[in-house]
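Next come the chains, spelled out residue by residue.
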Amino acid sequence: MALRNTISGRISGRGRRSMSSWWGSVEPAPKDPILGVTEAFLADPSPHKVNVGVGAYRDDNGKPVVLQCVREAERRIAGHSNMEYLPMGGSVKMIEETLKLAYGENSELIKDKRIAAVQSLSGTGACRLFADFQKRFRPDSQIYIPVPTWSNHHNIWRDAQVPQRTFHYYHPESKGLDFAGMMDDIRNAPSGSFFLLHACAHNPTGVDPSEEQWKEISYQFKVKGHFPFFDMAYQGFASGDPERDAKSIRIFLEDGHLIGIAQSYAKNMGLYGQRVGCLSVLCEDEKQAVAVKSQLQQLARPMYSNPPVHGALIVSTILGDPDLKKLWLKEVKVMADRIIGMRTALRENLEKLGSPLLWEHITKQIGMFCYSGMTPEQVDRLTDEFHIYMTRNGRISMAGVTTGNVGYLANAIHEVTKSA
Amino acid sequence: MGSSDRSRLGALLRHLGVEGPTSSSISAFPTSAAHSAFSHLLQAPEDPILGVTVAFNKDPSPVKLNLGVGAYRTEEGKPLVLNVVRRAEQQLVNDRSRVKEYLPIVGLAEFNKLSAKLIFGADSPAIRENRVTTVQCLSGTGSLRVGGEFLGRHYHQRIIYIPLPTWGNHPKVFTLAGLSVKTYRYYDPATRGLNFQGLLEDLGTAPSGAIVLLHACAHNPTGVDPTLEQWEQIRQLMRSKGLLPFFDSAYQGFASGNLDADAQSVRMFVADGGECLVAQSYAKNMGLYGERVGALSIVCNTADVAGRVESQLKLVIRPMYSNPPIHGASIVAAILKDRDMYNEWTIELKAMADRIISMRHQLFDALHARGTPGDWSHIIKQIGMFTFTGLNSEQVAFMTKEFHIYMTSDGRISMAGLSSTTVAHLADAIHAAVTHAG
Numbered sequence: 001m002a003l004r005n006t007i008s009g010r011i012s013g014r015g016r017r018s019m020s021s022w023w024g025s026v027e028p029a030p031k032d033p034i035l036g037v038t039e040a041f042l043a044d045p046s047p048h049k050v051n052v053g054v055g056a057y058r059d060d061n062g063k064p065v066v067l068q069c070v071r072e073a074e075r076r077i078a079g080h081s082n083m084e085y086l087p088m089g090g091s092v093k094m095i096e097e098t099l100k101l102a103y104g105e106n107s108e109l110i111k112d113k114r115i116a117a118v119q120s121l122s123g124t125g126a127c128r129l130f131a132d133f134q135k136r137f138r139p140d141s142q143i144y145i146p147v148p149t150w151s152n153h154h155n156i157w158r159d160a161q162v163p164q165r166t167f168h169y170y171h172p173e174s175k176g177l178d179f180a181g182m183m184d185d186i187r188n189a190p191s192g193s194f195f196l197l198h199a200c201a202h203n204p205t206g207v208d209p210s211e212e213q214w215k216e217i218s219y220q221f222k223v224k225g226h227f228p229f230f231d232m233a234y235q236g237f238a239s240g241d242p243e244r245d246a247k248s249i250r251i252f253l254e255d256g257h258l259i260g261i262a263q264s265y266a267k268n269m270g271l272y273g274q275r276v277g278c279l280s281v282l283c284e285d286e287k288q289a290v291a292v293k294s295q296l297q298q299l300a301r302p303m304y305s306n307p308p309v310h311g312a313l314i315v316s317t318i319l320g321d322p323d324l325k326k327l328w329l330k331e332v333k334v335m336a337d338r339i340i341g342m343r344t345a346l347r348e349n350l351e352k353l354g355s356p357l358l359w360e361h362i363t364k365q366i367g368m369f370c371y372s373g374m375t376p377e378q379v380d381r382l383t384d385e386f387h388i389y390m391t392r393n394g395r396i397s398m399a400g401v402t403t404g405n406v407g408y409l410a411n412a413i414h415e416v417t418k419s420a
Numbered sequence: 001m002g003s004s005d006r007s008r009l010g011a012l013l014r015h016l017g018v019e020g021p022t023s024s025s026i027s028a029f030p031t032s033a034a035h036s037a038f039s040h041l042l043q044a045p046e047d048p049i050l051g052v053t054v055a056f057n058k059d060p061s062p063v064k065l066n067l068g069v070g071a072y073r074t075e076e077g078k079p080l081v082l083n084v085v086r087r088a089e090q091q092l093v094n095d096r097s098r099v100k101e102y103l104p105i106v107g108l109a110e111f112n113k114l115s116a117k118l119i120f121g122a123d124s125p126a127i128r129e130n131r132v133t134t135v136q137c138l139s140g141t142g143s144l145r146v147g148g149e150f151l152g153r154h155y156h157q158r159i160i161y162i163p164l165p166t167w168g169n170h171p172k173v174f175t176l177a178g179l180s181v182k183t184y185r186y187y188d189p190a191t192r193g194l195n196f197q198g199l200l201e202d203l204g205t206a207p208s209g210a211i212v213l214l215h216a217c218a219h220n221p222t223g224v225d226p227t228l229e230q231w232e233q234i235r236q237l238m239r240s241k242g243l244l245p246f247f248d249s250a251y252q253g254f255a256s257g258n259l260d261a262d263a264q265s266v267r268m269f270v271a272d273g274g275e276c277l278v279a280q281s282y283a284k285n286m287g288l289y290g291e292r293v294g295a296l297s298i299v300c301n302t303a304d305v306a307g308r309v310e311s312q313l314k315l316v317i318r319p320m321y322s323n324p325p326i327h328g329a330s331i332v333a334a335i336l337k338d339r340d341m342y343n344e345w346t347i348e349l350k351a352m353a354d355r356i357i358s359m360r361h362q363l364f365d366a367l368h369a370r371g372t373p374g375d376w377s378h379i380i381k382q383i384g385m386f387t388f389t390g391l392n393s394e395q396v397a398f399m400t401k402e403f404h405i406y407m408t409s410d411g412r413i414s415m416a417g418l419s420s421t422t423v424a425h426l427a428d429a430i431h432a433a434v435t436h437a438g
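So the sequences go chain by chain: A and B. Read in full-length UniProt numbering, the first sequence has 21 at position 21, and its numbers run on one by one without any break. Read in full-length UniProt numbering, the second sequence has 166 at position 166, and its numbers run on one by one without any break.
Worth double-checking, as some hints may not be accurate.
Cross-link-like lysine-lysine pairs, in silico, DSS-like; alpha carbons within 25 angstroms at most [to be verified]:
{"no.": "1", "chain 1": "B", "residue 1": "K314", "chain 2": "B", "residue 2": "K64"}
{"no.": "2", "chain 1": "A", "residue 1": "K111", "chain 2": "B", "residue 2": "K58"}
{"no.": "3", "chain 1": "A", "residue 1": "K135", "chain 2": "B", "residue 2": "K172"}
{"no.": "4", "chain 1": "B", "residue 1": "K58", "chain 2": "A", "residue 2": "K93"}
{"no.": "5", "chain 1": "A", "residue 1": "K63", "chain 2": "A", "residue 2": "K333"}
{"no.": "6", "chain 1": "A", "residue 1": "K287", "chain 2": "A", "residue 2": "K352"}
{"no.": "7", "chain 1": "A", "residue 1": "K287", "chain 2": "B", "residue 2": "K58"}
{"no.": "8", "chain 1": "A", "residue 1": "K31", "chain 2": "B", "residue 2": "K314"}
{"no.": "9", "chain 1": "A", "residue 1": "K63", "chain 2": "A", "residue 2": "K247"}
{"no.": "10", "chain 1": "A", "residue 1": "K135", "chain 2": "B", "residue 2": "K314"}
{"no.": "11", "chain 1": "A", "residue 1": "K135", "chain 2": "A", "residue 2": "K222"}
{"no.": "12", "chain 1": "B", "residue 1": "K58", "chain 2": "A", "residue 2": "K113"}
{"no.": "13", "chain 1": "A", "residue 1": "K326", "chain 2": "A", "residue 2": "K352"}
{"no.": "14", "chain 1": "B", "residue 1": "K401", "chain 2": "A", "residue 2": "K31"}
{"no.": "15", "chain 1": "B", "residue 1": "K337", "chain 2": "B", "residue 2": "K350"}
{"no.": "16", "chain 1": "A", "residue 1": "K93", "chain 2": "B", "residue 2": "K78"}
{"no.": "17", "chain 1": "B", "residue 1": "K117", "chain 2": "B", "residue 2": "K401"}
{"no.": "18", "chain 1": "A", "residue 1": "K364", "chain 2": "A", "residue 2": "K247"}
{"no.": "19", "chain 1": "A", "residue 1": "K100", "chain 2": "A", "residue 2": "K224"}
{"no.": "20", "chain 1": "B", "residue 1": "K182", "chain 2": "B", "residue 2": "K113"}
{"no.": "21", "chain 1": "A", "residue 1": "K113", "chain 2": "A", "residue 2": "K100"}
{"no.": "22", "chain 1": "A", "residue 1": "K49", "chain 2": "A", "residue 2": "K63"}
{"no.": "23", "chain 1": "B", "residue 1": "K113", "chain 2": "B", "residue 2": "K314"}
Just so you know, the hints here were simulated from the structure itself, not pulled from any lab data.
Please build the complete structure, drawing on both the sequences and the hints.
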């Protein structure tokens, strides 16, 4: 009787709600600086609002896009996947295709099985797995992170308990690369340091080293014996050509570096919410690659056991079919071209408005983001007065700019910067 | 040194501010393959559970049987995608308005609400009072890990008690989450049932505030569950000592075939107004294994606390994988929110549970018919997907070698992997192992 009373909700006297919570001292956490922007945007009732915050591609009508190749892949998959657990390391087929994108279609390294690779939870998951791996097997190491970088990079290595240091990257005065500062930091870091490099379309600045500069960076890495870890979240999105966008990685491979790479299909295949990516670590030989892969799996198992199957199926369906792959490459170029077009339009609009500032960097920078150079206060004015949402570091997601809003955006930016 | 190397060297030296290249100032960098930063690594051992399937796949025998990992199989030995899941899938594919955008960090809101209702009950006072925070996670594993990390950061006690035995991945999940793992007695090999006295003693001597992992139903690997009366005693003991319950609910609906009945243990704890954590998985009960769908719920004393807790959970998730995968959660939400589909699901779920119960009886009967020595009644007393046979590792190895039967070395068999046509083979193997080996 007492048992049934308890179950039906009548409090038996012990464990009353009046007991204080275990979590009474839990502080409210600050909002994520990037994802919090979209939350605020969604809550805004203004009809003029513009979201140039999170890096998710929009078409010229400001609508999210599902690529045709993805729709077709999904159509083929529906009704056929048995939804069984993938192996801990993920979809073998998806990984094979993904490595080809990064290392080259006919890469000897792939043929020689020297690459330890596991499917990951998009780029975030790949970075986190690597950070945990670095902590476990190189516990005395630190990670050198560019200034600035995607804010979540700091969170990832912090939660993996790998100490962080920074290296110079962005040059505010020129709104370009601080190459001399970067080379100094590479040279001065202790030999064998771990460095995080953005393979292309640096987030948030859009500033990439030139090919020549990459070669010099690679050389200096050799001299110092540093470990290069590439975060490649925008392959295809920078120039429109995935092969070109992988140039930095190929340079390092030619120079014989044993690199690590985090790859993501969030942007270039529009698979954001599917969480599809790949972590790879190039090893000395096949035996070492087998060992490294087994250890990466040991880190994945207590985190999520095995990665989600649906997104991986989409990727392998597309990349495994020559026609679908061709379609994908076309669609990636369309997205990249639209962004390049919007860069030109934004810059022209600002110059036409007679802005006293220089806006050349808008078209020099590359990829999804433009580091405008605006201050947090100016960004706040954009939000408060014009209902334009972006991260407070002045980063504009060009993917959110359309022919419909570029004039409004330029006008607003001009208003808040003209007396700067 | 070639001319291109020389010019590259020159460019570099200019950056360094050194006047002109000298052949002695910088030696040629090592051109042989770089030495790996990870050359000291050893290969990790196979995962004890997932490794069973790896070994099974390698076996060329036509009569091999995989009773390792807990994934449901039909009578024909095939994986099963529920009809209702296929329906939901088609709905999603046909809905052209659907996009693949990032979910919020906490996942699909609709999914979270429906998952909380499923485990706590639609009329749960905790839900009505907004005292529950639910976040979508990567199946049961992900829910346990995120919950564990949260506890490691915000809870004053770092010790978690897990039952002996438990799912092999539990200790790893909690250790990596920053908790210190201890065990409490659970399984009694002599009776092949619950060591209730041992359980009460061990929880009774746990430090105040310690976390206790509880299998909500269908204990993995033993299939031994407390009765409702025993659950009530456990509840009273835990509340009196301020022990924090962390439920792992991976088999709701699979144990008895009834979703509400399988949630009684959890609801009992929530009904007394206290706090708890619950990890839910849809891998088995909706057959969504590889889609990695699950939810972590934390029941708090007040709505304000629940809000703050949710904000802190986001800080755990963001640097782990940013936000959870959308596909599986969309399927679950589509099914749970539609009355027809929900009903269809409960019917298919009961069919799976019933087939497993039938396999239990068939195996028991087969062993009885062979006069296999020993008491095998635990096969029909235990609950859920697994039977803890009581076979030792030598007997298990014998069965693998001689009969190509694959199971974990602790003697756990997945009943879901059996069918009417293969029961005889298993019974023969057990009979042989018990009479000849170990």
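Okay, the hints, checked on the actual structure:
1. K314(B) x K64(B): Roughly 45 angstroms between the alpha carbons, so the hint for K314(B) and K64(B) is violated.
2. K111(A) x K58(B): Given pair K111(A), K58(B) holds - Cα atoms ~23 angstroms apart, limit 25 angstroms.
3. K135(A) x K172(B): holds (16 angstroms)
4. K58(B) x K93(A): holds (19 angstroms)
5. K63(A) x K333(A): Given that 25 angstroms is the threshold and the Cα spacing comes to 18 angstroms, the pair holds.
6. K287(A) x K352(A): With Cα atoms ~61 angstroms apart, K287(A) and K352(A) exceed 25 angstroms; violated.
7. K287(A) x K58(B): holds (20 angstroms)
8. K31(A) x K314(B): holds (9 angstroms)
9. K63(A) x K247(A): violated (31 angstroms)
10. K135(A) x K314(B): holds (23 angstroms)
11. K135(A) x K222(A): holds (23 angstroms)
12. K58(B) x K113(A): With a Cα-Cα distance of about 21 angstroms, the restraint between K58(B) and K113(A) holds, given a limit of 25 angstroms.
13. K326(A) x K352(A): violated (39 angstroms)
14. K401(B) x K31(A): With a Cα-Cα distance of about 56 angstroms, the restraint between K401(B) and K31(A) is violated, given a limit of 25 angstroms.
15. K337(B) x K350(B): holds (19 angstroms)
16. K93(A) x K78(B): holds (22 angstroms)
17. K117(B) x K401(B): violated (47 angstroms)
18. K364(A) x K247(A): Holds - the C-alpha atoms of K247(A) and K364(A) are around 18 angstroms apart, at most 25 angstroms.
19. K100(A) x K224(A): violated (28 angstroms)
20. K182(B) x K113(B): Between K182(B) and K113(B) the Cα gap is close to 33 angstroms, so the pair fails against 25 angstroms, i.e. violated.
21. K113(A) x K100(A): holds (12 angstroms)
22. K49(A) x K63(A): holds (14 angstroms)
23. K113(B) x K314(B): It holds: about 17 angstroms lies between the C-alpha atoms, which stays within 25 angstroms.
Comparing the model with each numbered hint stated earlier shows that hints 1, 6, 9, 13, 14, 17, 19, 20 do not hold.
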